[in-house]
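When you get a sec, could you build the whole thing from the sequences and use the hints?
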Amino acid sequence: MNAASSTNMRIKLPAAAVFLEIVTVVLFGVFVRYVPGDPSRAADQHLYPFFQDVHVMIFIGFGFLMTFLKKYGFSSVGINMLIAALGLQWGALMQGFWHMRANTIHLGIKSIINADFSTATVLISFGALLGKTSPLQMLIMTILEITIFSCNEHLVVNVFGAADMGASMTIHAFGAYFGLAASRLLYRPGLKNGHENEGSSYYSDMFAMIAPGSQQTAIINTYFALAACTLTTFALSSLLEKRGKLDMVHIQNATLAGGVAVGSCADLEIQPYGAMLIGSIAGIVSVLGFKYLTPIVASFLRIQDTCGVHNLHGLPGILGGIASIIVAAVQVNTQISAGMQAAALGCSIGIALVGGAFTGLILSLPFLGQPPDQNCYDDSVYWEIPVEEEAQRNSPDLKEDHNKFSLDA
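Residue numbering for the sequence shown follows the working numbering, starting at 88 and increasing by one per position.
Honestly, the hints are just simulated from the structure, not real lab data. These numbers were taken from a predicted model, which means no experiment stands behind them. Among the clues, some could well be false.
Derived CB-CB ranges, DEER-like [as the list claims (entries may be wrong)]:
id: 1; residue 1: L375; residue 2: C238; range: 30 to 38 Å
id: 2; residue 1: G437; residue 2: Y379; range: 23 to 31 Å
id: 3; residue 1: G331; residue 2: F454; range: 47 to 55 Å
id: 4; residue 1: Y379; residue 2: I306; range: 29 to 37 Å
id: 5; residue 1: S325; residue 2: F115; range: 46 to 54 Å
id: 6; residue 1: I413; residue 2: V112; range: 42 to 50 Å
Quick reminder that beta carbons are idealized off the backbone N, C-alpha and C, glycines included.
This is the structure in structure tokens:
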């Protein structure tokens, strides 16, 4: 099968999308009903602003965070939307099955917030595979990963009783290592030396900067962890780069690591200075990961991590899990167990690695339409590109000006 026919989504993508939607509608018809009681659902109305914030993060935050690739903006935002649209429906079902009453899933605002969070797991994994997979592969990964994620979340939260309000372990670490394991199974030797499209432009990096606890303690801890992380990231990025220049990759990503790392302790009384300490360490770990660890992982483990999810979600997620173990050990909160926190961290990473490897094996099937090496990181494989944009891409004068700009920089 030649490359053109294998990446043609005309039949495969519509058939898969319609089939999955029909299955989902049938399952909703059989199992899902509104939350019983007051039709106005007044009890959940206070959650609506929180739902709006989470929804914007899922549909806009993640999508624009991935627009740094110079020729992959349509796919970054568009496939993000595709994953989110399927994921929030499937997530409502998978998580709802663990909380059924009388064989019925009762759906409210809290349910769809949790469904959005389950979708975030897939979007994190998508970051590791960005530019190297087809929309059809992402639909399949969404179904498999959310199913496995919901089982792990039930184990961590309901069986172990672990504290993970901000989901450092169950979402961030899980999503990162799931994606890395899948990436390992989809390894491309032809990309080991990089790809001409695997870089950013000035404007694509600017777009990527758009991206971005119901309890007071969680809000304060997250707020100051992010602030401390940002300052540390700027400092270390300047320190590590020649002539003290800042690296936009660090600023786009590592500044968020503090929020990831403090998640497991977000609602615990670790005091603001404790949150700031966790955030600062997360910034250091993330920047060092982008600078030194990513090339090692690519060369020795043969894992091609496009967005650096290991440094933004994986390592800070582990840091958050370790921080929660320490907090439990020193009995900042006597309601949580250090042993259960450790079990939750190990379980999340272990299940993610096994589930990601299994998913990667499924995604490697040749008829799923992944692009050939030479067409990776390019929107034109799966998207109609405006004529003027295509002309600009192929313009020798534009390429010459771009090269001149790069040399001058």
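Task: Those earlier numbered hints the structure runs against, lowest number first - done: none
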